[in-house]
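K.L.:
Got chain A; can you put chain B on it based on the hints?
Number of protein chains: 2
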Amino acid sequence: MKLLEEKILQEGVVYPGKVLKVGSFLNHQIDVPFMSKLAEEFYRLFEEDPVTKVLTVETSGIAVGYPVAERFGVPLLFAKKNRSANLANDCYSANVVSYTHGRSYDVVLERQFLTGEDTVLLVDDFLANGCALEGLIDLCGQAGARVVGAGIVIEKVFQEGGRKIRERGIRVESLARIVDMDPEGGITFAS
Amino acid sequence: MKLLEEKILQEGVVYPGKVLKVGSFLNHQIDVPFMSKLAEEFYRLFEEDPVTKVLTVETSGIAVGYPVAERFGVPLLFAKKNRSANLANDCYSANVVSYTHGRSYDVVLERQFLTGEDTVLLVDDFLANGCALEGLIDLCGQAGARVVGAGIVIEKVFQEGGRKIRERGIRVESLARIVDMDPEGGITFAS
Chain A
391 MKLLEEKILQ EGVVYPGKVL KVGSFLNHQI DVPFMSKLAE EFYRLFEEDP VTKVLTVETS
451 GIAVGYPVAE RFGVPLLFAK KNRSANLAND CYSANVVSYT HGRSYDVVLE RQFLTGEDTV
511 LLVDDFLANG CALEGLIDLC GQAGARVVGA GIVIEKVFQE GGRKIRERGI RVESLARIVD
571 MDPEGGITFA S
Chain B
391 MKLLEEKILQ EGVVYPGKVL KVGSFLNHQI DVPFMSKLAE EFYRLFEEDP VTKVLTVETS
451 GIAVGYPVAE RFGVPLLFAK KNRSANLAND CYSANVVSYT HGRSYDVVLE RQFLTGEDTV
511 LLVDDFLANG CALEGLIDLC GQAGARVVGA GIVIEKVFQE GGRKIRERGI RVESLARIVD
571 MDPEGGITFA S
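First to last, the protein sequences are chains A and B.
Sequential numbering from 391 applies to the first sequence in this note's numbering.
Sequential numbering from 391 applies to the second sequence in this note's numbering.
Chain A extracted, bound-state conformation:
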């Protein structure tokens, strides 16, 4: 999505270790009209699917998912990150290992909000090693819900998450696909 690539080039800041900060519009300050445009694109990509719920994970996914759920006319669900092992029986739960932060946590979702009747579109701000997204797919599997695919704002193609998840037969649509970046050389998008 050209508009998003331009926004990333204008406002994104690349740090050593291939870290991209996009806090000016995506995950600290939210550029609401811009997010609506991203949602419109996700809707165009998945509008053939009979989506009943949009599912994301706290925190940054919420502002991505809100306008998508609004566009589809369905509820937004967000899984919660839980660092304690003390989980209620009324929750689905999946363990996520975050390589970036060097720790693991559970993503949890109350059973009453997702069932075998649901058709789910997953959304998130970033896709890198794919562990968070795999956690969401796991939660849907526990619910017996059908996953139509994942809508991602920024995919780091140089990490393995996108490949792994597509190899499982799950459709992944990323609006910007970064093949390389560094503080000096800038950002290179997949063509």
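Hints are not guaranteed to be accurate.
No copy labels: a pair is met if it fits in one copy or bridges any two.
As the list claims (entries may be wrong) - DSS-like mimics (lysine-lysine), calculated; alpha carbons at most 25 Å apart, straight line:
(1) K470 <-> K397
(2) K411 <-> K471
(3) K411 <-> K427
Since the hints were derived computationally from the structure, they do not count as laboratory data.
P.N.:
Here is chain B on its own, set in the frame of chain A:
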């Protein structure tokens, strides 16, 4: 707001210790069309004010703030909760003591996103002891930004937060004001 009180009575579940769960529409599953109606009411209450930013705190505040920021046509900012003491110099930071969870944390906000030029509407899902809201007010003070008030979805009037903050001369508008609740007796709203 009658519509909100009815929704709380229909879908809210009261647990011992005056805990209200409203995960079906406010802070786990998000009822997006309903949130738009709350945003419309916040807009009606604060539309005279020259709001330049809507500020909330992760996580649950994001879905409350998104449609409010959209309605005002301004960016949504969310402060991040930080449990580590290791803060960057480019952030405002305020310590928040959570009596509910028996711990303290910092709320942080990058300086570049809030300045003395800004006029801020604060929003959050709950107001109870008021500590999170006081943290946000503190961040605005550090930025030299003007606070026009706070828009709260549900205020627990039997806790002291609302009184404390109003006594500081800050306008607080809560769409539902709960004076008492318990699992047997149900929920009583302020008239």
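K.L.:
Output the indices of the hints that this structure fails to meet, ascending.
P.N.:
Of the numbered hints given earlier, the structure breaks none, since each of them holds.
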